[in-house]
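Student: Position 329 of the sequence shown, counted from 1, bears residue number 328 in numbering that gives the first Met the number 0, the numbering being contiguous throughout.
Just so you know, the hints here were simulated from the structure itself, not pulled from any lab data. We put the CB at the ideal spot given by N, CA and C, even for glycine. Where hints are given, some of them may not hold.
[Claimed, not checked] DMTMM-like mimics (lysine to aspartate or glutamate), calculated; alpha carbons at most 20 Å apart, straight line:
{"no.": "1", "residue 1": "LYS358", "residue 2": "GLU369"}
{"no.": "2", "residue 1": "LYS64", "residue 2": "ASP94"}
{"no.": "3", "residue 1": "LYS78", "residue 2": "ASP94"}
[Claimed, not checked] Derived Cβ-Cβ restraints for the label pairs, each shown as a range:
{"no.": "4", "residue 1": "ASN39", "residue 2": "ILE291", "range": "31 to 41 Å"}
{"no.": "5", "residue 1": "ILE263", "residue 2": "ILE291", "range": "36 to 46 Å"}
{"no.": "6", "residue 1": "LEU66", "residue 2": "LEU374", "range": "40 to 50 Å"}
{"no.": "7", "residue 1": "LYS380", "residue 2": "ASP94", "range": "51 to 61 Å"}
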Amino acid sequence: MKFLKNISKLSGCQAAILTNQSAFGYNGKYHFQTYSEIFNLKTIFLPEHGLFAELQDQVSGDELKYLFGNMQIVNLYGKEESSLVPPKESLQNLDLVIIDIKDVGSRYYTFLTTAYYILDQIAKLKKETGKAPIFLVIDSPNPIGTKVEGSPLLESYQSFVGVKTVLHRHGLTPGGLLTYYNDTFHLNVDVVVVPVGVFHPNRIPSFEWVPPSPNIPTQNTCFVYPGMCLLEGTNLSEGRGTTKPFETFGAPYLFGEAKQELDIRLSNHQKGTFLLRNLRFLPTFHKYVGIICEGYQLMVTKPKKFHSLYFTLYFLKQLGELFPKQFEFLKGVYEFRSDRPAIELLAGDPYLLDYLYGKHSESDLEMYLENKESLWTKAIKPYRY
């Protein structure tokens, strides 16, 4: 309860909060309930999926309503791209904005992008008026620890599923990443981070895990998500509509001799760090709803060594070679952008995209990733909490 003692010094402040059901536990309550007893909590900012993670991905929260007396609900995931940014008036006359929401350690995960958009709006308000609320981050452990994966997202690929310069698996806590944004983008906001815990690699899965969104049901899901989220940009099912999304994946066309060859190739990749269980599954919603898919369950056996992004990039490259007529990258609008396909927004790097199309070897990709990950590890050293 030490962190409650620290923030109680701000008792009575006019406050708003970005949160959802993942912020639960102190006094057996949702944290926003606890804060409402300390602060004059005026506004709840809703992230994607809603306050109780009741909505699926890319579903507008405009129709959500909650009974909280005089507390204002501001939805930050509506039908229009403009809804992603908090209205200026929602930040005025506040003493502090609280960020208390769990992250899963990957840049695609939209909660900290929403927090960044709030941070950026506070910076603009401060520049215009000279006054702005304190940005108070109630920190939480990164569920997949400090290991990093991937390469920096280039600005031209920036979207709601990726802020520029960040790696696919960033290795930071929410407080660390948001402080990095504040410093790197020269926002000059008063950011205060309240640490509340550290990552414990021997506590997996955690019995205290609250799903932060509908398709992150367990802490184990977070270990595969940095790579497997790329499947959202393909005609493969990423397991939505099953009980193990992102761990379960496949498509109706994965069968025959090509599938046997795929099994062999995957069995020789990152040997000893994971197991693949061949299976059939029937999605109850999303891609291939009601259609039997052939595929796998990805079971990570050595989390410290397994590289989820490399696994998925390798897997997709093999599909392009073995199933050239069936496998496709999806086109169309994805997270409010229509000028680039989803796979480009998720990969965020022309080098990785070139690898998928066979322009780089496995050894070239490994060296490239090692270099980018080393540079990022040095850059974020001041932001390790």
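Student: Determine for every hint whether it applies to the structure shown.
Tutor: Each hint tested on the structure:
1. About 18 Å separates the Cα atoms of LYS358 and GLU369, which keeps this hinted pair within 20 Å; it holds.
2. At most 20 Å may separate the alpha-carbon atoms for a hinted pair to count; LYS64 and ASP94 exceed this at roughly 25 Å.
3. Restraint check: the Cα-Cα separation between LYS78 and ASP94 comes to about 29 Å, which exceeds 20 Å; the hinted pair is violated.
4. At roughly 54 Å, the beta carbons of ASN39 and ILE291 sit outside the given window of 31 to 41 Å.
5. Between ILE263 and ILE291 the beta carbons are some 23 Å apart, a value that contradicts the proposed interval 36 to 46 Å.
6. Restraint check, LEU66 to LEU374: a C-beta distance of roughly 49 Å satisfies the suggested window 40 to 50 Å.
7. Separation of LYS380 from ASP94 is about 32 Å and departs from the stated range, judged on CB atoms against 51 to 61 Å.
Of the numbered hints listed earlier, those contradicted by the structure are 2, 3, 4, 5, 7.
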